[in-house]
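Enquirer: Protein chains in written order, with my numbering: chain A, 1 to 278; chain B, 279 to 598; chain C, 599 to 1101.
Please note that the accuracy of each hint is not assured.
Claimed, not checked - With a straight-line Cα cutoff of 30 Å, these simulated DSS-like cross-link-like pairs (lysine-lysine) come out:
(1) Lys-972/C with Lys-136/A
(2) Lys-971/C with Lys-136/A
(3) Lys-459/B with Lys-813/C
(4) Lys-730/C with Lys-459/B
(5) Lys-1080/C with Lys-136/A
To be verified - Computed from the model, here is a short list of chain C residues facing chain B with C-beta under 7 Å:
(6) Pro-716
(7) Ala-719
(8) Gly-985
(9) Ile-988
The set of hints was computed from the structure by calculation and includes no laboratory data.
These numbers were taken from a predicted model, which means no experiment stands behind them.
C-beta: ideal position from N, C-alpha, C; glycine also.
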Amino acid sequence: MAGTRLKKNIIALTGLGIIAFYVAVIVVSLFWLPFDPVAMDTTHLLEAPSIATGHLFGTDEFGRDILSRIMQGCSVSLIISISATLMGAVIGTLMGIWAGFLGGKWDQWIMRVADILFSFPSLLLAIFIMGILGEKTYNVIFAIGIVYIPQFARVSRGAILTLKGNEFVRAALSNGAGKSYVLFRHLLPNIMMPLIVQISLSLSVAILLESALSFLGLGIQPPYPSWGNMLSSARKFMMLAPWTAIYPGLAISFLVLGFNLLGDGLRDILDPRLRNVK
Amino acid sequence: MGRYIVRRLLSLIPVLLGVSIIVFFLVRLIPGSALQMYLGTQVETTPEQMEELKRIFGEDKPVPVLYVEWLGRVVKGDFGYSLRTSREVLPDILARLPLSIEITIFALILALVIGIPMGVLSAIKQHPITDVFIRIAGLLGLSLPQFWLASLMVIAFSNLRGWIPMGNYVSFLAAPFQNLKMLFFPSLAIGIGLAAVIMRYTRNSMLEVMQMDYIRTAKAKGLKKRVVIIRHALRNAILPVITVAGFNTGYLLGGAIVIEEVFALPGMGRLALYAIYQRDYPLIQGIVLLIAAMFVLVNLITDLIYASVDPRIRLDEKAR
Amino acid sequence: MRKMAFLALLAALFALAVPQVFAAGAEKVLTLGVDQEVIGLDPNIVTSFSSHRRVDLLYNKLVRHNENLEIVPDLAADIDIPDNVTYIFNLRKGVKFHNGQEMTADDVVFSLNRILDPKTASPGRSYLTTVKSIDKLSPYSVKVVLTAPLASFLEGLASNNCAIVSKAAVEQYGNLQKVEVGTGPFMLKEWVPDNSMTLVKNPDYFEKGAPYLDKVIFRIIPEQASLLAGVKSGTLDMATINDGSTIMLAKRDPNLVVMQKPGVNVRTFGFNVTHKPFDDERVRQAISLAIDRTEVVTVAEFGMGSPTGPIPVSATQWALPLSKIPYSTPDYAKAKALLAQAGYPNGFTFSIVTANSYEGGLSVAQVIQNQLKKIGVNAELDVVEWGIYIDRWVKRTFDGMVELRGGSSEPDRFLYRMIHSTGGVNNFMFKDAEVDALLDKGRALTKVSDRKPIYDQLQIALATKAPIIFLYAPFETTVLNKSVKGFKQVGNGSLYYLTYAQK
């Protein structure tokens, strides 16, 4: 059985490792960047990566250093994704817990709102919200966050429902414990795990959503770098200067992979059914 | 069961109503209007011209009034006319439906063809390393931004004439081979991500099933391993996979906006995107409503399949 | 047995596919890739650049532009101008509309009145503002009298918005947005919105022998890279491409022909002159001195544009060379001095509205932002989506804005409505007596030799007062497959010369 634990752990650990690497990049980027990410150098337009010029990942159509832009974009993407996911997680979980725990009319109405939100294709909903609020950074967080509310509501509601029938909960209630007490003391800690898994997986999607929005021109606006808007401007130059598109794409893919691995690995560790595999 | 279906169908109505209200009001909050865009920045108009244009573009009454009028027409099947093309909204949306459905089915097939075997392999493999590799590969598929993948495909395969659609989309009925060739890469771009999800579910489901007593019995009886796996384990493991496939189909039907954009395919996602850019209110309202309706319908069907096959699930609790 | 059925099925599928191969035989079809769909086809109503491209082929005007941007006869075989307010148009005889009816003076009178009618909401109305009366003199001649001389009158009539439509058709259909009844070289056969539009040859076109193509198919492909890929692979015969990097790639391909010509559109960077600090002329001049037009063209258009003053350089009759236009070459010392004089020795901050589309000029805005840093001015980019961009334009809620202005080789048509204090597209809120006077005088005279000195003065005045900084005229680019012959660019984007194209 030790072999299987290791298997699961490799996945989660790899994920964690990747994420840690990106966090390190962010920390470094706060103090030092190879070049100024928004400085244009019109004598070095669309140059291929080369150690000689110092532009390790090449330059873009304005002569800006791609590596520096990727590094700065890292903070942007992570901050937005984490904030948005947390926002969705907090609001959604509260909704879900309330619905699951209180049941009845509350359940119906809360989940109805969640259903309505859920039925909107997520990218379209985000586009709408960005359209109304305007293309500022905090609006991107808000738009993506709202998209997540229904998912967290469902997960937490489901978990609460499963737990509600549990012995110790009923025992506590019949012993006169207040509903809030039961909620916070017994139920919340137990739904933490599925929530954490969901958060990790949602983070990966949030990063993709943010880059899709920027790609469509609705997220972070130039000249500030975001991986999504870098990919968007790079589209035109893909044949002329493929490095402008390859590196940002790789940056996104690996970070998202990291979160997916982590979430997947955690899920394995926490799922009792998968513990005893031959 | 019948009562459950009716109840679920009825519950569709408030959801769709809610969606329609949100869309109607939300979309008018976005600055800019179809009328402004029509005029652009190159045209000057007189006040009389403006009055007339406002009437044509439906900007002459308060929004709640417009909503009620619109709703009244919708329940009769009249979704109004596009502000941009002056054509009827519903037929134009429905004309795009076959493409979206086709891509969805194609992507689903590709995803199942790639994902299920990978999931099975990963579940039964002896070496943890192989399992890890397959899973990482699968998750990588989930991690690649679709538009990046799609753009790379356009560049890499643009020399393959006919394999990359370039605005000369033909329907399946008109030219099946041509059509399938054109939709291969777009469907693949979507399918890769979906394959990863299916792989994960297949794997988990297989792992669970393979510990079941009847499997051990079969093995003890001496049945060949392959028979055991395919005939017994897989058949039972497939159910959650169907569920998640069905669920994601709902999403896909919403139109893979970015894929359609990169491959220049006339699907519903792109129609919705451009409708929003153009502030073509009747069109936006029509599309979102239809997408939402399809989404909840597909979900309902998926839930029903799931519930009818697995008696353990109590229909009243949607504990997923 | 199963094998037979399978083979049969295979054969059937094959049979479906095979005819496709043979269909493309004898017909001469040209497939053209464009990146924007059109809203409607009614020439008197349409506004977008892309709609004009279709109208080019479906309708005729009284006069049109040739490949040197000169006015030549179209439906009017010749024009008498007895005095500077009277025009008599003698129409060609035997020209047929696509529904078979003959085009006569009734249709011309009807069309012109339709354009002037406020209910039509025609953009062409502003080109015919001084028309006093329109009379049919005979079945083939029409007399138009103006209240005052208008130098750009014929130029205005050459616009697609002043095309001649069939009176009977408009009376029957209401408007021609979805139906097409023109006299043009091609007729509308099929329209699948956001996908393709098929035009077929008009066998009765009044130019004998033309057009040589049997069919023209427009395909909508929003991506510049996909447009190029289409021409390379042969699925498209030609495409209109405006993105510099894509054009660079096209030039590398020996099988493609890249036609380029300076266009008449002008990229501008304008101010709302009621917003501080742009109410001070010195500030505007300082900014004009900080902008390096050549660098903007190099970075934003890969060098494919001509730096220009208030009149696009392709209007060779009127445009002053840049060397004669003040404040058009960079001088950072002087710029800083002007700012100091105006009270901003340490620069200031403002925002530029721009959109991430070709017309919205995001790349241009980024270069300008970078250049202004040199004089201590901090420009923040307000990047908005196209619909919002238009909203900001209409409501005049901007400090600075990057635009692409549809231009003309006739200075009055281009400049009057843009910078006259009563101009309909003067969103800069600019009011200047001297400029107004020059514009009014310029349009009232008719001889080029009389008008030239006025417009010379105007260009210098505009550059000095600088409510708008005129940056460059982008090249008009068409990428063609080598097999397409006979096509010429007009210089204003018109596709009319497809009439003479052959494959």
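Enquirer: So which hints don't hold here, by number, going up?
Expert: 4 and 5
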